[in-house]
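Build out the structure end to end from the sequences listed, making use of the hints.
My numbering applies: residue 6 is where the sequence shown begins, and numbers increase by one.
Worth flagging that the hints you see were computed from the coordinates, not collected in a lab. Since we're looking at a predicted model, the values are computed, not measured. Ideal Cβ positions, reconstructed from N, Cα and C, are used throughout, including at glycine. Every clue listed holds true.
Distance ranges between label pairs, derived from CB positions:
1. Leu30 / Glu8: 35 to 45 angstroms
2. His28 / Leu52: 14 to 24 angstroms
3. Arg13 / Tyr45: 17 to 27 angstroms
4. Leu14 / Glu39: 30 to 40 angstroms
5. Leu52 / Pro32: 20 to 30 angstroms
6. Pro31 / Lys11: 34 to 44 angstroms
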Amino acid sequence: MPEKNKKRLILIDGNAIIHRSFHALPPLMTKKGELVNAVYGFSSTLLSVI
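Encoded structure:
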């Protein structure tokens, strides 16, 4: 199969990425006091994979 016709499958363990991001990143909070460090870490990781 030629290289240009190969399809790529990427599996993402979202639970592990969110857990890792929550504990690895410093606490990031919204103005309402909600923690968003896990969301930020997950988004950053996902964007770096794409």
